[in-house]
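Sequences listed follow chains A and B, in order.
Residue 245 in numbering that gives the first Met the number 0 is what sits at position 246 of the first sequence, and the numbering runs on without skipping anything.
Residue 121 in numbering that gives the first Met the number 0 is what sits at position 122 of the second sequence, and the numbering runs on without skipping anything.
Bear in mind the hints are in silico, worked out from the structure with no lab data behind them.
This structure is a prediction, so every number in the text was calculated from the model and none was measured.
Here a beta-carbon is modelled for each residue, glycine too, at the ideal position from N, C-alpha and C.
Among the hints, erroneous ones may be present.
[As the list claims (entries may be wrong)] Below, a list of computed lysine-lysine pairs in the BS3-like style, where the Cα atoms sit at most 30 Å apart: (1) A:28 <-> B:368; (2) B:369 <-> A:102; (3) A:568 <-> B:398; (4) B:398 <-> A:199; (5) A:198 <-> B:398; (6) B:369 <-> A:28; (7) B:25 <-> A:568; (8) B:368 <-> A:102; (9) B:64 <-> A:577; (10) A:569 <-> B:369; (11) A:577 <-> B:293; (12) A:374 <-> A:102.
[Claimed, not checked] From the structure, some residues in chain B lie toward chain A, with a derived Cβ separation under 8 Å: (13) 190; (14) 420; (15) 473; (16) 477; (17) 479; (18) 485; (19) 486; (20) 488.
Listed below are the residues making up each chain.
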Amino acid sequence: MQGNILLGLTVGWPFAAALLCYLTGRFSKRMRNYAADLSILLELLLFASLAVQVWQGETVTFEAAGICSLGICFVLDGFRALFGLLSAFLWLMSALMSNEYMKHERNRNRYYMFLLFTLGATMGVFLSADLYTTFIFFEIMSFTSYVWVAQNETPQALDAASTYLGIAVVGGLILLMGLFMLHHLLGTLRIDELYEAGKKAWTEDSGQIYTAGALILLGFGAKAGMFPLHVWMPKAHTVSPAPASVLLSGILTKAGLFGILSVSCNIFRYDPWWGTAVLLLGMVTMTLGAVLAVFAVNLKRTLACSSMSQIGFVLIGLGMAGLLGEENQLAVRGIVLHMMNHSLFKLVLFLAAGVVFMNLEELELNQIRGFGRRKPFLQLAFLSGALGIGGIPLFSGYVSKTLLHESIVEYIHEGGTVLGSTGFTSFVELLFLFCGGLTVAYMIKLYHALFRNRHPVRQKEFEEQYRNYANPMTKLTLLLSGAVIPVLGILPGVTMERIADSTGTFFAVHPLEHEIAYFSFVNLKGAVISVAVGCLVYFLFIKKTVMVREAPGCYGYKNLWPVWLDLEKKVYVPALTKWLPSVCAGIFRIPDRLVDFIILTLKETLYRPLRLQTESEEAARISRAERIRGRMESHKWMTISLSFGFLMCCIGIVIMVLCVL
Amino acid sequence: MENIYIIIPILLPILAGALLFFFPIKDRKRRNIAVESLVIVNSAISLGILWAGSKESLILFELYKNVSLLFRIDGLGMLFGTIVSTLWPLATLYAFEYMTHETRENTFFAFYTMTYGVSLGIAYAGNMMTMYLFYELLTLVTIPLVMHTMIPRARRAGRQYAYYSIGGAAFAFTSLIFITVYGEGASFAIGGVMDHTLVDDNILRLIYVMAFLGFGVKAAVFPLHGWLISASVAPTPVTALLHAVAVVKAGVFAVLRLTYYCYGTEILKGSWAQDIVMGIAMFTVVYGSTMAVKEVHFKRRLAYSTISNLSYILMAATLMSPLGMIAAMCHMVAHAIGKICAFFVSGSVMFKTGYHFIPALDGVGHQMKKTFLTFTVSAMSLTGIPLTIGFISKWRIAKAAFAGETLLSYGVVIVLFYAALMAAIYMFTVVIRAFCPEKGKERLIGGDTTDPTWRMLIPLGVFAAAMIVLGVHSGPLLDFLEQVAAGSI
């Protein structure tokens, strides 16, 4: 064990605290809740103290050799500090919300224990200095977070949990293969050494590096919700408790992105092919997520699809960072800030969804419509998240989306090509703006459903009985998480710029040469286009097809969720568990019985024991003795037996010996 | 002859088993105490000898010049001996409870105990002759165990097992002759003992391939694997030991002995012989893991998984490099613990619920929580998920394969990936079924089936803990294996 022991403690403490909380929970529920909150607060403070050291320019490392054979090592730099802090903050919010949210749930001890386990694992991922460490904690994180998804133990939850587990295991194995290859090719998995080591390997075998990279991308991408392994996201978010959804969407996807970034920014630094591949995947993820979110009629499912879409935005930025080469400052800053922003948006949005569910035990828009009327506090919090994610100026999402958009524009100005055509680059920009528009559209849909729509029957009940819809603690979490977004958005120069600056070392990016005027006309244009598209889509499409007018001011929602488009049940599961094994097994079945067949054939032909020819058993019994006697008399039985052979041999030898003598 | 005590742990169980066979103890409790204390004492002696005893060779008697009954403890023997000696008392403990459902317990425990001694004989053997002798004895003492239930299927399985073993013995015997004739001294030594001046290398390679197939019967390589599947009809403590520890590992152990200690990797590496044996092993891995996914009988699925995992070991071994040998030995340990745990869980399920097929297991995890928790750990280990020993061993195999730098060794990596994917499917479908039953099949949740008693739970818990401890703190094990591969122990 070398280095700063406190850094090791940030990873180890949550694991210890998990056990402590579990033990406390055996005696007192109330104490357990306090213990969990306190230990996460402690974690946040501990981490903040280390982060301060990093911002002052120190490097903090920790190494424990020999654990899991290769040893694990951690390092803290600006980027890691940002996401570590963000994780601890989200965890704290989530835990505070859990106090009220989980009040009536079962198995709360288990929930808290795994909440803390996952915190430790996530910290391990974000702090890891080599990909081996990343992988180990990534896997722990996958497995411990499984318990969140399965928490309710309803059939839907268990189904979603098995999907989650399946994707986690398969993704983990793909990732492992990629790491095997990378380790072999480069001889190291240290993230800060990958670039130098990669340089040498590139000249030798680029095909293998790309293969390794593809496997790693797919493996980490599974957790990030990247197409094609995104299938768990809509299912898992819908069924897990809201405080857990916050973390699944806000942090765990980022852990996946962290892995992708750590290879992208090192081995594949400035690599246009890698950039193109990530860009294409990002485009598919972004569009698919946004379209699904438009059609979804479940609050949390919409938010989950939205997460997927936002991850797509980040991936597009990452693609651009690869394509732009050394001039990728805008793209990189966009990535970091959008990742951070998305965590914050999803925090407040899922918390709001949690408040709804905690009261109504329902998430279908038809059942919860109008719940938010006359609840200004909830409305403001939700609005803050919705405007943020929609990219409206003065909210933080606008800044990061502008940066991402600018990076595409910059690439167009350079006359850059994607897949060999400049037209495609323009298409990327259009798609980006269009999906930005879809984001606005589905957020309007949700906002309208919760705060403008009316429930045909229970509206009165919603407005009167649910006046005390949350306790002060929950309201505090909503306030804290909602307030951050406009603060960041109004003062981007003081806040977000600095945050982006502090993360530069991780990406090995050059510092920005000129200030960005976020509120200039050119930059506002993109946001205006997106909002316009969003309004058009909402009024011309969503209102016409997804929503049905039932009474004045009261709309119902039609479930147009494309069931037939279930990639998991229609393609992945049968492909892995039926098609592939069936084809292989079909081939194997032929030689399978080969040896048995040979043995039996030999037994029945060459080595068949002498058998008496009998017509029936009766006849056999009568004639057996006679037949044997007959054989004995004819000496046939004697001459064909082995012992007769031996006897003859012996006689021969005796005769020979006699002759020699 | 001053270290004559080496043969005590071999002879003690054999004699005790024979005594139990001829003078059965009627009272169950007394017999159980007697058997367990004997096994524990024997394990203690065996472990003591392995880790503290003399490393000198003991020539019991000479049959002929160079053909002697010779015992010697070296690194590989220590590894196998330790695996056997540690797992046996736990397996016996488990068997006590399990066998209450079966008949003729005395006969069962007689042969079960005798097998212990014979397995240790294989581990302690110092030359090919001795190993071959105990290897064949192992076949003889395990046939009655396979046929124990005496139902027609069991008898057929026993017969099949016998046929396959006899065929394998014929192949192995040829090799025995060659090693005895052309190997000077014929005592195992790392790097090989064959005298290349006496015989053409290609002939040696041919004989090696034959011997590989001969010993491969017990290691269940592809065309010779049929017996293992049929043998899953035997009582679970037997399947667990046959499939996880004694018999199949003896086969793998013999192949390791052949490759690294008799023929030597020098003449084999890069030759056609390596291509053939590696090809067989790779094919078997793919075969076993695929068939495991298709199989719905719990124990048979695990048996197919065993076929695949044994060939992982062989695949690593046939890389013919010290790294490959380390990987092979590491997976030997990983698989032994993981698979015996998985088999015991399947046995416990059969014991408590009577279910043999996986589709019937919906929701069992909720009733037998502790049992299935250990199964989850073993599923993680067999799939190769971090924090378990299975991950370490897969990492080592991949590392060794990449270091091989031939086309075929890259094939190993692809095979490894495919098999890991299949392992994830065939192990985790069980876990998922047990904990997350399919819609409409939740009937089992809340039933009155519970975890088995401590006699079954203790072994399961120990195995699960071992998988994790070795996975997290694998340094000492790997150091030891490195020394073994370097020949310094």
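Hint check:
1. A:28 <-> B:368: Holds - the C-alpha atoms of residue 368 of chain B and residue 28 of chain A are around 23 Å apart, at most 30 Å.
2. B:369 <-> A:102: holds, 27 Å
3. A:568 <-> B:398: violated, 35 Å
4. B:398 <-> A:199: holds, 20 Å
5. A:198 <-> B:398: With Cα atoms ~22 Å apart, residue 198 of chain A and residue 398 of chain B stay inside 30 Å; holds.
6. B:369 <-> A:28: Holds, at roughly 24 Å.
7. B:25 <-> A:568: violated, 56 Å
8. B:368 <-> A:102: At roughly 25 Å apart (the allowed maximum being 30 Å), residue 102 of chain A and residue 368 of chain B satisfy the hint.
9. B:64 <-> A:577: Between residue 64 of chain B and residue 577 of chain A the Cα gap is close to 58 Å, so the pair fails against 30 Å, i.e. violated.
10. A:569 <-> B:369: violated, 34 Å
11. A:577 <-> B:293: Given that 30 Å is the threshold and the Cα spacing comes to 8 Å, the pair holds.
12. A:374 <-> A:102: holds, 22 Å
13. 190: violated, 26 Å
14. 420: Since chain A brings a Cβ to about 6 Å from residue 420 of chain B, closer than 8 Å, the hint holds.
15. 473: Hint on residue 473 of chain B: holds, closest Cβ of chain A at ~5 Å, below 8 Å.
16. 477: holds, 6 Å
17. 479: violated, 13 Å
18. 485: violated, 18 Å
19. 486: violated, 22 Å
20. 488: violated, 20 Å
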